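K.L.:
Given next are the chains, with one letter for each unit.
2 protein chains.
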Amino acid sequence: MYLSKLFIPLLKETPSEAKIKSHQLMLRAGMVKQSSTGIYSWLPLGFKIMKKIEQIVREEQNKIGAQELLMPTIQSAEIWKESGRYDEYGEEMLRIKDRQGKEMLYGPTNEELITEIFRSSVKSYKSLPQLLYHIQWKFRDELRPRFGVMRCKEFFMKDAYSFDLNDDEAKKSYNKMFFAYLNTFKRLGLTAIPMEADTGPIGGDLSHEFVILAETGESQIYSDKRIFDIDINKHDNSDGSIKELRKKYDEFYAVTDDKFKKEDFEKKVKKENQLITKGIEVGHIFYFGDKYSKPLDCSVDLQDGKKVNVKMGSYGIGVSRLVGAIIEAKFNNNIMKWPFSVSPFDIAIIPSLQKNDKSNYLKAEKVYKFLVKNKIDVLFDDTNEHLSAKFKKFDLIGIPYQIILGSKSTEDKFEFKEINGKTENLSSEEIKNKLLNKRNFN
Amino acid sequence: MYLSKLFIPLLKETPSEAKIKSHQLMLRAGMVKQSSTGIYSWLPLGFKIMKKIEQIVREEQNKIGAQELLMPTIQSAEIWKESGRYDEYGEEMLRIKDRQGKEMLYGPTNEELITEIFRSSVKSYKSLPQLLYHIQWKFRDELRPRFGVMRCKEFFMKDAYSFDLNDDEAKKSYNKMFFAYLNTFKRLGLTAIPMEADTGPIGGDLSHEFVILAETGESQIYSDKRIFDIDINKHDNSDGSIKELRKKYDEFYAVTDDKFKKEDFEKKVKKENQLITKGIEVGHIFYFGDKYSKPLDCSVDLQDGKKVNVKMGSYGIGVSRLVGAIIEAKFNNNIMKWPFSVSPFDIAIIPSLQKNDKSNYLKAEKVYKFLVKNKIDVLFDDTNEHLSAKFKKFDLIGIPYQIILGSKSTEDKFEFKEINGKTENLSSEEIKNKLLNKRNFN
Numbered sequence: 038m039y040l041s042k043l044f045i046p047l048l049k050e051t052p053s054e055a056k057i058k059s060h061q062l063m064l065r066a067g068m069v070k071q072s073s074t075g076i077y078s079w080l081p082l083g084f085k086i087m088k089k090i091e092q093i094v095r096e097e098q099n100k101i102g103a104q105e106l107l108m109p110t111i112q113s114a115e116i117w118k119e120s121g122r123y124d125e126y127g128e129e130m131l132r133i134k135d136r137q138g139k140e141m142l143y144g145p146t147n148e149e150l151i152t153e154i155f156r157s158s159v160k161s162y163k164s165l166p167q168l169l170y171h172i173q174w175k176f177r178d179e180l181r182p183r184f185g186v187m188r189c190k191e192f193f194m195k196d197a198y199s200f201d202l203n204d205d206e207a208k209k210s211y212n213k214m215f216f217a218y219l220n221t222f223k224r225l226g227l228t229a230i231p232m233e234a235d236t237g238p239i240g241g242d243l244s245h246e247f248v249i250l251a252e253t254g255e256s257q258i259y260s261d262k263r264i265f266d267i268d269i270n271k272h273d274n275s276d277g278s279i280k281e282l283r284k285k286y287d288e289f290y291a292v293t294d295d296k297f298k299k300e301d302f303e304k305k306v307k308k309e310n311q312l313i314t315k316g317i318e319v320g321h322i323f324y325f326g327d328k329y330s331k332p333l334d335c336s337v338d339l340q341d342g343k344k345v346n347v348k349m350g351s352y353g354i355g356v357s358r359l360v361g362a363i364i365e366a367k368f369n370n371n372i373m374k375w376p377f378s379v380s381p382f383d384i385a386i387i388p389s390l391q392k393n394d395k396s397n398y399l400k401a402e403k404v405y406k407f408l409v410k411n412k413i414d415v416l417f418d419d420t421n422e423h424l425s426a427k428f429k430k431f432d433l434i435g436i437p438y439q440i441i442l443g444s445k446s447t448e449d450k451f452e453f454k455e456i457n458g459k460t461e462n463l464s465s466e467e468i469k470n471k472l473l474n475k476r477n478f479n
Numbered sequence: 038m039y040l041s042k043l044f045i046p047l048l049k050e051t052p053s054e055a056k057i058k059s060h061q062l063m064l065r066a067g068m069v070k071q072s073s074t075g076i077y078s079w080l081p082l083g084f085k086i087m088k089k090i091e092q093i094v095r096e097e098q099n100k101i102g103a104q105e106l107l108m109p110t111i112q113s114a115e116i117w118k119e120s121g122r123y124d125e126y127g128e129e130m131l132r133i134k135d136r137q138g139k140e141m142l143y144g145p146t147n148e149e150l151i152t153e154i155f156r157s158s159v160k161s162y163k164s165l166p167q168l169l170y171h172i173q174w175k176f177r178d179e180l181r182p183r184f185g186v187m188r189c190k191e192f193f194m195k196d197a198y199s200f201d202l203n204d205d206e207a208k209k210s211y212n213k214m215f216f217a218y219l220n221t222f223k224r225l226g227l228t229a230i231p232m233e234a235d236t237g238p239i240g241g242d243l244s245h246e247f248v249i250l251a252e253t254g255e256s257q258i259y260s261d262k263r264i265f266d267i268d269i270n271k272h273d274n275s276d277g278s279i280k281e282l283r284k285k286y287d288e289f290y291a292v293t294d295d296k297f298k299k300e301d302f303e304k305k306v307k308k309e310n311q312l313i314t315k316g317i318e319v320g321h322i323f324y325f326g327d328k329y330s331k332p333l334d335c336s337v338d339l340q341d342g343k344k345v346n347v348k349m350g351s352y353g354i355g356v357s358r359l360v361g362a363i364i365e366a367k368f369n370n371n372i373m374k375w376p377f378s379v380s381p382f383d384i385a386i387i388p389s390l391q392k393n394d395k396s397n398y399l400k401a402e403k404v405y406k407f408l409v410k411n412k413i414d415v416l417f418d419d420t421n422e423h424l425s426a427k428f429k430k431f432d433l434i435g436i437p438y439q440i441i442l443g444s445k446s447t448e449d450k451f452e453f454k455e456i457n458g459k460t461e462n463l464s465s466e467e468i469k470n471k472l473l474n475k476r477n478f479n
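Those protein sequence lines, which keep their order, are chains A and B. Quick note: the first sequence uses this note's numbering, first residue 38, plus one each step. Quick note: the second sequence uses this note's numbering, first residue 38, plus one each step.
Worth flagging that the hints you see were computed from the coordinates, not collected in a lab. Incorrect hints may appear among the rest.
Pairs involving identical chains hold if they fit within one copy or between any two copies, as the list cannot separate such chains.
In the SDA-like style, the derived pairs of lysine to any residue whose C-alpha atoms are separated by at most 20 Å in a straight line are [said to hold, decoys possible]:
#  : residue 1 : residue 2
1  : Lys89     : Gln173
2  : Lys100    : Phe325
3  : Lys304    : Asn457
4  : Lys163    : Leu40
5  : Lys160    : Gln71
6  : Lys305    : Asp327
7  : Lys374    : Arg224
8  : Lys299    : Ser53
9  : Lys262    : Met38
10 : Lys429    : Ile372
11 : Lys412    : Ser256
12 : Lys307    : Thr236
13 : Lys160    : Glu50
14 : Lys56     : Lys296
15 : Lys85     : Ser72
16 : Lys429    : Leu48
17 : Lys70     : Glu467
18 : Lys175    : Leu142
19 : Lys459    : Gly342
Values in this document were obtained by computation on a predicted structure and should not be read as measured data.
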């Protein structure tokens, strides 16, 4: 892609309404544009990043055998009345009347609808267990939307639902998701810690919030800092291995605000291991048994002819929120560096261009075409700005690798730089191989 | 994927509410489930097909240089008041009040919002032309939703918008989209004919509806049947070549109902070439100049310092509707055959399984694992049903290729069948190569 063609409205100044760095960067780098309070359009740069995050979330769900479907955004109020949440949910639910006066709503979550789909589709114990998920827009009519995409009204979320015959089986499903979440966040370049958490309006008695550390986070967390050293790579997705992994996490104290008890914390965590800080919630998983299957009468036939309500859990990841969360974790000293796995482009080519001398442009374009031919996604800065202005721009765009064609490049070796890393002089062939290796690793 | 694990609630009977064959098939094959009147959940089988269609639409948009972004589903009423369409649009617009009483709506189309994004982002003629698109859910509160996903309330649509300096440039953008649409439908296995059409609530004076022939279509069409013989493969995406292609189409009479004039038709089309039939609209493109850029004050600076309102067009493809349209075109004699490019799986393995004899199961599983290892997407029918019942199921699922392990297969040769085609005895290696070739061709 030629930068001159890219629809990327960069801002020179930080808009005053943006209080945290992810919001600031997303506006300045032309990633999103607010269309009305708490509702955003995703411009090409931000959209591309969100799509890459979505794809990683999807792949990790598929790996544990979850199946993707898609529920609509607009739901009938009826099933919410069956579960009892229509009245409970409060003003955050966007309530709608259609032209015939029928009560509808914009789904803030999907426990009711998935239960309704399941109860009319599955009749026998033989079809269990099942893991179903979708990645869909949700709406919560926040009273005070803030922090850009971190707390907005219309947001993109993966929500999964598990269906099992009994508590033991259901915990296996819960653990699978637990494992998938750890892998998902790892591929996104994040260290997310599962913390025991309150279940809130979803319900149930078992729940983990996945939290990444960030000063700007809205969750207060209390933990044993040794929990950060657990290595998930030592585990595979067999039930046994995942169970062991969960045990390791359970050994260390790690809770959010609402689960915090001072005396427990002091008793269980030595002074030198205590970590009290703020974090951003990027995922939340719940086990709630028959909380929805009972009122909605979702049951299956057992082998002996009896019926049993299925045991359910639900599992959310905020896909659009993750774009902001990654920025909060990676944007430092006014320089952004996207993890390669979600970077909007693989590499940027930044040549110094003079008006009366085409040679550098041609050299840059040759490298560009070579890389594109090798299926590398390149952003080529073909504008006439000064190198220093270009660098400032690319500090915002955050592509982790750069090829700089300035004074130091020779005929066939170019300045190759990783943001915050060393500079090397490499040929286009060497650059290509480096990037393809990097991609295979991700 | 093992069929016993797939979430695919097949129905034995055709639900009485389904009047046309796509609606019938989609319910019977467990592709969708109605969640409330005119609103559907997409179950795994239907979802997978829709995603493949979406990806082809996306690729053809990208090929002509269009850039993808994503506008939200919920919009503020304000910009619709600026354009004058808030009052005009009528009851099909789903109007919403948020908790603060602010007037919002669920976007039925996006001319206003994209114009608003453009006017606040682009200031100079240098940034033109631009093609922007998104693929997003839309809502139209149909009074009488019917025909399943063909005329429903919540639907998935690609809408693109072009921005140019003057009419001549704008027509080039229009033609590019015209070309992209023909290629898109071709890759979907459809012959879609561009027909001169009325512009309706979008406005403007130049418009084509892309129509595929189908008895159940809601569009009445009148055309010279020689228009079906135009070969788009002879054209590339240069402006000149596309212009020539458009000329070829313009030579033949082809209009929808509202543009039809009997005397023109009789004069321009010889009796033996006249085709009067019904069709399904799968795409619609519009050129409307400054219809939105003027009231919304969307302009750019020219080289001489003057300002000019940008000239715009908009371009829609009904992605979810296409799932139904392809069925209408391809489901015949109770047998569905998906075009390979959008088939939910590449191939099905259908073994005859006996309770007390594992040998056929093991043989089938060996082929399955071999193909999966070679990145072929296989649905393996591991259920204990009789072969005849299995075949009936697969007539609905519509995977174009089958491997049948019945009496005719030997130790390493299997019955390979293309639906409606011949049967051959092939080795797994030969089957793999056949499918990989097929994929490269698509």
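K.L.:
Are the hints correct? Go through all of them and say.
P.N.:
Consistency of the hints with the structure:
no., hint, verdict
1, Lys89 x Gln173, "both (15 Å within a copy, 17 Å between copies)"
2, Lys100 x Phe325, "neither (24 Å within a copy, 47 Å between copies)"
3, Lys304 x Asn457, "neither (41 Å within a copy, 72 Å between copies)"
4, Lys163 x Leu40, "between (55 Å within a copy, 13 Å between copies)"
5, Lys160 x Gln71, "between (46 Å within a copy, 18 Å between copies)"
6, Lys305 x Asp327, "neither (33 Å within a copy, 69 Å between copies)"
7, Lys374 x Arg224, "within (15 Å within a copy, 38 Å between copies)"
8, Lys299 x Ser53, "neither (38 Å within a copy, 62 Å between copies)"
9, Lys262 x Met38, "neither (43 Å within a copy, 41 Å between copies)"
10, Lys429 x Ile372, "within (9 Å within a copy, 60 Å between copies)"
11, Lys412 x Ser256, "neither (41 Å within a copy, 42 Å between copies)"
12, Lys307 x Thr236, "neither (28 Å within a copy, 72 Å between copies)"
13, Lys160 x Glu50, "between (59 Å within a copy, 17 Å between copies)"
14, Lys56 x Lys296, "neither (28 Å within a copy, 55 Å between copies)"
15, Lys85 x Ser72, "within (19 Å within a copy, 31 Å between copies)"
16, Lys429 x Leu48, "within (12 Å within a copy, 60 Å between copies)"
17, Lys70 x Glu467, "neither (38 Å within a copy, 52 Å between copies)"
18, Lys175 x Leu142, "both (11 Å within a copy, 15 Å between copies)"
19, Lys459 x Gly342, "neither (68 Å within a copy, 45 Å between copies)"
Hint compliance for this structure: hints 2, 3, 6, 8, 9, 11, 12, 14, 17 and 19 are broken, all remaining hints hold.
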